[in-house]
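*Asks:* If you want the building blocks of each chain, they are given just below.
Number of protein chains: 4
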Amino acid sequence: MRVDVHVCEMRTPGDVSAIARLFDDGVVAPESVMAVVGKSEGTGLGKDVGREAADRAIKELLAARLGTSADDVADRLCIVLSGGSPGVITPHVAVFARTDDPAGISLGGPRLVAGLAHSAAILPEEIGRMGQIAKVRAAVELALADAGVDDPSDVHAVLVKAPSLSPESIADARSRGRDTVTQDMSIGPEGAICYSNDASALGVALALGEADEDEVHDGMVRRDYSVFSDVALTSSGGEKTHAEVLLLGNTTDSTSDLRIGHRSMASIIDGSAVRGALESAGVEVVDGDTRAASRGLVYALAKMIMPATGEVDGRRITLLEDQVGYHVAKAMGGFLLASGTGHTEVFVSGGEQNSHQGPPDGNPLAVIVRPAL
Amino acid sequence: MRVDVHVCEMRTPGDVSAIARLFDDGVVAPESVMAVVGKSEGTGLGKDVGREAADRAIKELLAARLGTSADDVADRLCIVLSGGSPGVITPHVAVFARTDDPAGISLGGPRLVAGLAHSAAILPEEIGRMGQIAKVRAAVELALADAGVDDPSDVHAVLVKAPSLSPESIADARSRGRDTVTQDMSIGPEGAICYSNDASALGVALALGEADEDEVHDGMVRRDYSVFSDVALTSSGGEKTHAEVLLLGNTTDSTSDLRIGHRSMASIIDGSAVRGALESAGVEVVDGDTRAASRGLVYALAKMIMPATGEVDGRRITLLEDQVGYHVAKAMGGFLLASGTGHTEVFVSGGEQNSHQGPPDGNPLAVIVRPAL
Amino acid sequence: MRVDVHVCEMRTPGDVSAIARLFDDGVVAPESVMAVVGKSEGTGLGKDVGREAADRAIKELLAARLGTSADDVADRLCIVLSGGSPGVITPHVAVFARTDDPAGISLGGPRLVAGLAHSAAILPEEIGRMGQIAKVRAAVELALADAGVDDPSDVHAVLVKAPSLSPESIADARSRGRDTVTQDMSIGPEGAICYSNDASALGVALALGEADEDEVHDGMVRRDYSVFSDVALTSSGGEKTHAEVLLLGNTTDSTSDLRIGHRSMASIIDGSAVRGALESAGVEVVDGDTRAASRGLVYALAKMIMPATGEVDGRRITLLEDQVGYHVAKAMGGFLLASGTGHTEVFVSGGEQNSHQGPPDGNPLAVIVRPAL
Amino acid sequence: MRVDVHVCEMRTPGDVSAIARLFDDGVVAPESVMAVVGKSEGTGLGKDVGREAADRAIKELLAARLGTSADDVADRLCIVLSGGSPGVITPHVAVFARTDDPAGISLGGPRLVAGLAHSAAILPEEIGRMGQIAKVRAAVELALADAGVDDPSDVHAVLVKAPSLSPESIADARSRGRDTVTQDMSIGPEGAICYSNDASALGVALALGEADEDEVHDGMVRRDYSVFSDVALTSSGGEKTHAEVLLLGNTTDSTSDLRIGHRSMASIIDGSAVRGALESAGVEVVDGDTRAASRGLVYALAKMIMPATGEVDGRRITLLEDQVGYHVAKAMGGFLLASGTGHTEVFVSGGEQNSHQGPPDGNPLAVIVRPAL
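Residue numbers (UniProt numbering), protein chains in the order written: chain S, 1 to 373; chain V, 1 to 373; chain P, 1 to 373; chain B, 1 to 373.
It should be emphasised that the hints constitute simulated quantities derived from the structure, not laboratory data.
One copy or two, either will do: identical chains are not told apart, so a pair holds if it fits within one copy or between any two.
In silico lysine to aspartate or glutamate, DMTMM-like type, Cα no more than 20 angstroms apart, as pairs:
no. : residue 1 : residue 2
1   : Lys59     : Asp15
2   : Lys59     : Glu239
3   : Lys47     : Glu9
4   : Lys47     : Glu311
5   : Lys240    : Asp71
6   : Lys240    : Glu321
7   : Lys47     : Glu321
8   : Lys59     : Asp24
9   : Lys59     : Asp71
10  : Lys240    : Asp172
Keep in mind it's a predicted model, so treat the numbers as computed, not measured.
Throw the hints in and build the complete structure from the sequences for me.
*Replies:* What follows is the structure, encoded as structure tokens:
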């Protein structure tokens, strides 16, 4: 298996011309695209016209090139667009292409592999609860197999996009006599977005052995943050009915020339995670200069969760009281990656208050690099 | 001369209890306070209830301890409060105290000195024009003398707080048959806040020899950014009638145990400036670990200007189109200092589009440290 | 009993000079003040520096004039400050003064009376549940007696300010093995502010016979909006431990020269409620000109709740998706009262999604007038 | 001439299905469409993804039906989309269709006519100055002729959409040695949007005889608001190079069944303008009930300008200090029209501080009605 990652700048919310050029120039075969991950421009709120425009344009382009429908594209691929490019983030998408590459030769050492899976349909009443957790867990196990990864410690990032709640899905549950975990559709502390993101993260944690079965139950979701996944980057949207999983790791069988590494931030200001992730990917960081060490960097990904204590290392901050705190948090995550690597086309989602993604008060962070030969 | 800097956390917008404790415990004599610099909590907009509460509380505390009036305190001291503590910035003030210290002995090498000066009154029609520039220049020259600094290259930060325009001051100018440089009171590209901040910066540049007289004229203000000061951190407010200058540098005569250093950011994502400033202050940064090297850090200061190109290193960003871009910019500046030093009580003002503060697209950044003995 | 209402403009967030003048000029005796109701300037969010400044200044002024402490003032009076004065609302407070007036003669017809009561302490785990509902109901019954109102149909407005949840109070409940109705402290659909406001409204509805006991239980709070109070205007704040009730109605015993009337808005755009409330207060509205009819208006009060359907009369609106929808809603409520009456010193709180205050999709609205003699 | 107006709800930013149905059902011939006016959903800021999506979808639909290009559609029609549908405004477009109707018979009294014109190209350095004013004036004169209106007092609304400044157009002017009236592209008091909107309004005022030539010159634009148009509703965008004019009035020659009327608001809270406009259109308003009188209302349009005094009828408001004041202003304008007429598909643009549109502190307001036969 060979996995390539191509980062494409978007000049307008629905601009997919750089992806089209990849196809036109023969750099990427449309059939090989397994995932499209990126940051769209727009409000970053639940309903985000910019993200919707990007999503539609990507599906329409792929549908046209594959001779199929946009819905079919949505079924085949994993599309994870995080809305809003605040601060120094350049709107973009990263195209993940995978080929069988039977004649390929491993370049030595662990190299990038990727696995894809879709979960069973998740009902509204399952969101944020064991129903979702179990289905995401099963999908992550499928993605592990799809990637050819045997050892969970070879996994460095698991992107999950799962359903959230909508007025329609809440009404649907009620019509069947079921309640939902919340009636708040926002990213607030009792919001469906957070419940879904966290249930997905716990599903990842179970699949990878980061959590034990007896630690994970309905009552601990968004309550007991000592249980978490170090590699889960999850998101959710009201319009989906199942979860999509993109699992990224390294194996020695891979014929990719890329490698992925990760290291979680220990706190919201832990800039050393960039160095840690680069070193995890086998990059030597000389004299602490992560920017020089990022010359071979292809893509960087992180979450940016707000600590619900309202404190950083015991010092009070006002992020939780900030009406646009979710937006500021994403901007700070983008700044961390951009100032640490020199790249502004980086993936940062976040804005939740506390999460089972990353350690308490911390955040997952991963880098994909092309090691010097 | 001996200069001390004491950083005091504020638990509410008007909380000055930590300053009061400095006085009560005999750590600082109220008479020795020359400046109070900090970040208040609030909106960070032109009219900011939180900043006003902090300003009032500081003046009232000092007035009570000095047996004088709040107005008199305002005349004696330099109070620079930057509104809004977005992101990871802890609301705080840094109290600058200066004593004659005739028996003091220099601890070796250049050590911190500080100079204070107030400009002549600046008329509304002078704001953003040569009138303000010349008056600020003169005040900076007084502050140089007050600090005992002979060589401008020993200056590492010049904080200036100058008048901005208000509906009342614009009407006053018109009643005298004068026009003002703008009728926009905001921090926008034609806003009075930016014109005043930039005229102050050009006054600093002239006083320190960073700019030549023939380069500076009305027509180039907020137009020709090749002329700038590398050490000016300026702000402005509608309620003031003259400029206040706090100049910080090092001399070998100083008996302080502190030292200041600076290095401008070359771009908005130039995180290496933290290391540069620490090294400029004589701190050894081992293996690029600025956080470990910041153990002796007392205070860090920076501006965070938005590049008006809407680009970072040739890549498009959307900061200029962001309704709260000024707020996001300050948060990113705070994140830079906090992640680089581990300190969240840091001074960051900004949000302007382009400025004569720092090089084009860059920003001044300074650190005050207590070198290990 | 005689009740007077004096509306005082506030020039800054903490400006109580107009209240002080009422005392200095002998218009109001400090001892007679029973309630202070108003709109402060500021963000209108949970933590609002402007509202805190107004609250503190009012208490300190009254404490000084009454020779007591600010805490004691808070115990004696009902202070209901709604944060944020968006749009055309002038920041102000209305001072409610009540005197025994044994020599007073009724001016004829029903005239304004007011009753005050504090509830028993409400525990965190009771908020948004029957515990709060029962305690508010009991307090409203006390306020009815205090006002001398026998017939609940003579009640036209009941202002309640109750505790909300805070990180501290949630932790307190957990430490005692209790859960809280939510862990979201916001005004969102699962937010503690809404749960508290709605439990208070249901307490009012029970006390006034607007709801039956068997209709009101934990499971229907913020679920079954067919149960509501037509006269409850409720708010809540994390810092309080009990509910304060200010009940306003008319009786023929009153010697006031004021009268109160109300009519709920049937929908968020039901401007006819202003006319209905004026007519309910006995004012003749000639040719539908409510503004001319408002010459004798002293004060107007309304809630502005967002319909959770996202529709107005079957037409889609985008208010629920608006990041500052709560702010826009209050501004529209203020515009309704200001355009309908010509007064900009009006009380509007709101921003909740759905509520038991007012009929489904509607809002309570009341006016206090001085009828022409 | 016969003019029809069809209001089409938009379910998503780019939803033009209701327009397509007008074509499919034979209600409107694509060739007859002369203008599309409406409110899109989105941020309402200068760069607004939602407005762009609506604009593109409208042009593409018309291009497909007319067998031409989107650019050609833009050249033929007048498309005025005001971004953002805050508060109770339903996202929608109103399709204006005009047919020659040689066999038509006037239904009696003045009836709706419409004229269309495009100005000569407006250079960046002309924006906000006499260059723009003269070109818009000439275009309005063409539109008068196109509408067949002889008497300017028969004109009730003139919509103008003109170029604004962009970074590119400012650079273009500079490259030719020209300066621009501002370098601020925002809707702020020195913003290009306001300068362009106001120059367009002054062009309308000159064309209709509302202003004298000697009153209008560069120095009075956005300074002397005693000169204004009572019927101009203007907007601007960085992407256009000429102004589009849609002029609406009544003549006795018209065979339309519609009629237009207008009355400006005398202040930002002057709700009586709705009644005045209905009466101006010949509608009897019984007992002041404008909502009942609006049964035959087809469309309502208004501007909502913020008074730069920061006062309403001498009372202080905080709208100018509100970071989202432009958004709140539009919401209040929408509320005025919706509560006054019962219609939520209404056109409101605004957010400027002061304007030559409408009298000082007031706003133009117009209604199109289908009088009862």
